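J.: Listed below are the residues making up each chain.
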Amino acid sequence: MIEVEGLSKRFGEVLAVDDVSFSVAEGEVLALVGTSGSGKSTTLRLVNRLIEPTSGVVRLRGAETREMPPEKLRREMGYVIQSVGLFPHWTVAENIAVLPRLLGWEKTRIAGRVDELLRLLALDPAEFGGKYPRQLSGGQQQRVGVARALAGEPSVLLMDEPFGALDPVTRARLQDEFAAIQRERGITAIVVTHDLDEAFKLGHRVALMDRGRLLQIGTPESLIRSPSEWMVRQFVGPEERALRILSLHRVADHLAPAEPGRWRMDGRHAFDAVADKPIGRVEHRDTLREALSAMVWNGTDLLPVVRDGEVIGQISAAAIQAVGRRG
Amino acid sequence: MIRRDLAVIALLAALFGVLVLAPGLFEPLLAQLNAPGQPALYDRDTLLNLALWHFATAAAAASIALAVGLALGIAVTRPGNEEFLPLARALSNAAQAFPPVAILAIAVPLVGFGFEPTFIALLAYGLLPVFEYSVGGIRTIPAQVLEAARGTGMSPGQVLAEIELPLAAPVILAGVRVTAAFSIGTATLGSTVGAKGLGEVIVAGLQTSNLAFIVGGGLIVALLAILVDHGLATIGRMLPAARAVAAA
Ligand SMILES: Nc1ncnc2c1ncn2[C@@H]1O[C@H](COP(=O)(O)OP(=O)(O)OP(=O)(O)O)[C@@H](O)[C@H]1O
Ligand SMILES: [Mg+2]
Numbered sequence: 001m002i003e004v005e006g007l008s009k010r011f012g013e014v015l016a017v018d019d020v021s022f023s024v025a026e027g028e029v030l031a032l033v034g035t036s037g038s039g040k041s042t043t044l045r046l047v048n049r050l051i052e053p054t055s056g057v058v059r060l061r062g063a064e065t066r067e068m069p070p071e072k073l074r075r076e077m078g079y080v081i082q083s084v085g086l087f088p089h090w091t092v093a094e095n096i097a098v099l100p101r102l103l104g105w106e107k108t109r110i111a112g113r114v115d116e117l118l119r120l121l122a123l124d125p126a127e128f129g130g131k132y133p134r135q136l137s138g139g140q141q142q143r144v145g146v147a148r149a150l151a152g153e154p155s156v157l158l159m160d161e162p163f164g165a166l167d168p169v170t171r172a173r174l175q176d177e178f179a180a181i182q183r184e185r186g187i188t189a190i191v192v193t194h195d196l197d198e199a200f201k202l203g204h205r206v207a208l209m210d211r212g213r214l215l216q217i218g219t220p221e222s223l224i225r226s227p228s229e230w231m232v233r234q235f236v237g238p239e240e241r242a243l244r245i246l247s248l249h250r251v252a253d254h255l256a257p258a259e260p261g262r263w264r265m266d267g268r269h270a271f272d273a274v275a276d277k278p279i280g281r282v283e284h285r286d287t288l289r290e291a292l293s294a295m296v297w298n299g300t301d302l303l304p305v306v307r308d309g310e311v312i313g314q315i316s317a318a319a320i321q322a323v324g325r326r327g
Numbered sequence: 328m329i330r331r332d333l334a335v336i337a338l339l340a341a342l343f344g345v346l347v348l349a350p351g352l353f354e355p356l357l358a359q360l361n362a363p364g365q366p367a368l369y370d371r372d373t374l375l376n377l378a379l380w381h382f383a384t385a386a387a388a389a390s391i392a393l394a395v396g397l398a399l400g401i402a403v404t405r406p407g408n409e410e411f412l413p414l415a416r417a418l419s420n421a422a423q424a425f426p427p428v429a430i431l432a433i434a435v436p437l438v439g440f441g442f443e444p445t446f447i448a449l450l451a452y453g454l455l456p457v458f459e460y461s462v463g464g465i466r467t468i469p470a471q472v473l474e475a476a477r478g479t480g481m482s483p484g485q486v487l488a489e490i491e492l493p494l495a496a497p498v499i500l501a502g503v504r505v506t507a508a509f510s511i512g513t514a515t516l517g518s519t520v521g522a523k524g525l526g527e528v529i530v531a532g533l534q535t536s537n538l539a540f541i542v543g544g545g546l547i548v549a550l551l552a553i554l555v556d557h558g559l560a561t562i563g564r565m566l567p568a569a570r571a572v573a574a575a
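Chains as they are written, first to last, in the numbering used here: chain E, 1 to 327; chain F, 328 to 575.
Simulated from the structure, these hints should not be mistaken for laboratory data.
Far from chain F, by Cβ distances over 12 Å, these chain E residues were calculated:
#, residue
1, V169
2, D286
3, S293
Okay, the calculated bits of chain F under chain E, using three or more residues with CB under 8 Å as the criterion:
#, region
4, 475–482
5, 490–503
This one's a predicted model, so the numbers in the text were calculated from it and none came from an experiment.
The beta-carbon is built from N, C-alpha and C at its ideal position, and this holds for glycine as well.
So here's chain F without its partners, still in its complex pose:
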């Protein structure tokens, strides 16, 4: 099972690597989409460089979203903190109520062009899934499991680290997948405010009616998203809680 997952990932990674490192191989194919004489390959930057920037931007936003969303989720599920749950929900819902484009438009005057506004938009939008999935994952742990953990003599910290987080991990990871897929797709928009990323190729394609740029750029972004999603799903299947389910 896991071996098959790893094989699929290796295949996707290889395909992605070829696309990014040797796009020339696909030039004849992409050129079919364009008028004769129009360039089929983007040449203002290497695809490798753009893909790395794209991935780094999305990964940075998703990681911080995970850290903040999970911390919030843990905080509001501690006994005595229940009354903060509606407030935290309202905040993360509000953050997601603004479409990313709107956040970009607001952020640019405040922090300037480039990576920063993109990062802020992705973070604000990606927070909600991680937060909601964290709360959901922690709250669905059966009460008797928690009672047994406390009854055994675990401290609150040990209950969290040994019982709650491992049992909620598959659900939290599902939230991370939502956020990651969203971040990789939406990081494309960053190119409109000058962030480095694969969006550059697509934007250039739109500006010059270059279908090969649009299709090629879109393909690489989609492949990156699928690759990351598969990677996260595989990690999910290796979690102890998932292994216990699979064994039964």
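Bound conformation, chain E alone:
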């Protein structure tokens, strides 16, 4: 658990972080959102003590971090730096291996870990392990930066715009991978992003920063349902609210039992026995927003829900509306 209390950092005239307090529970992801220069990166650097605060304290599992040796603290906290900062004289594999090597892991364990992480981040170990950072695209470098931060199996992750340079497909894939690792390992994380959709997708809670101050913090849904004026101005058009809420919910959590005999699978396609024609379908992992889109597309207000190629239920437009409706 990370607790930040009354944290401030002044650079000359600039109050980069201004009396910020929040806490991140064990295994929780806090997404930090804000305009450029609002103090997000500075906040992360204060947490891993790359810089020391002007005032305030940071606690890790109850212990004040200023009492800990900074190197020891940072080895527990994987850090993805905003500008990536790969070590240019080392190969990709050597970059990822740096902390395990400092921690004195055995060679075979390090090699295995490097391969595992490269694969996880959609980079072929045979192709990329021996390359130098200069030989990679921006998005590839960014992924190596994430792998490097994960390499030492940290209990805490601080990620500063980790997926900023990626195309939407790779980005979505890595967001899912991250969420999976984070859940599986119970990692406590602070993720900085400019992208509200990313914040809502990754963050159990979202914190909004502006000019060094923490404006609002809460679950994605609570922020959407009662946004501060600032947030509405900066990020969410009011007309998008319902759709944003829908994208926070999974079909699996809102499906009804299938009408007996109505749906069957024809290979990869669903078939509606009542209408006697093929019909679209949604996956149980899809969001309600995707389900709504599928309904509009198929001109229907009822769709079968599929898991591993089997129909496991159905979802109705009414159920979707009930979720997205004003509270």
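With chain E's structure known, arrange chain F with the ligands on it following the hints.
T.: Below, chain F with the ligands alone, put in the same frame as chain E:
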């Protein structure tokens, strides 16, 4: 690439070896430069002995210059030490402001004739390039690389040894090349104050108007300088930072 470098070095070394070990082979050629009857080959000492002394003097001065210049460069680039940079710059600039001959003239009364004054002059003059290149090499490392290194949990010593020095190494080596080339050339002056070296041949040539001595001695010094420079350049190309650039 590296193989071609090594081939060039082997060739230069062979040529140098023949010149130093069997100068007799070149006697007919050098004799053309002289009046009939004037000796074409220096015979008061073996060329091998003189070349070894020459190299040792220059190498000793350049190594100490590297050690001191690099240590100073590291010291003034540590956080909190920035204010010492102008002072260190002033000192190393002052040392270089005196021409080597002047340093020799000052040093001889203090430490006597021979190796010592030569060594002092070379060291004083060779310090600046190594120092400036070290500072430059370390200061041009991108801030985000250093932040990543610290953020990963490297101690200041590890950041220096694993990140800063390897990344600055090609630039530092460029400074060493400047100092080495200078030291080998200038060690020749040492012969005027009694240091053993190839300068002896050239000085003797000047004193007796023996063109063969001057040309032969100068040739060997130049070859030694080129050989050492090529060697250092090849080492430079094998450094990890240079290999990473070459791979891209
Ligand atoms: N080392 C520093 N020295 C002086 N000022 C700094 C320093 N680091 C940050 N600042 C200032 O502090 C403020 C907050 O910077 P910070 O990098 O935390 O913003 P950010 O929210 O991460 O912005 P972005 O989204 O653009 O990355 C800015 O005004 C910046 O200029
Ligand atoms: Mg930032």
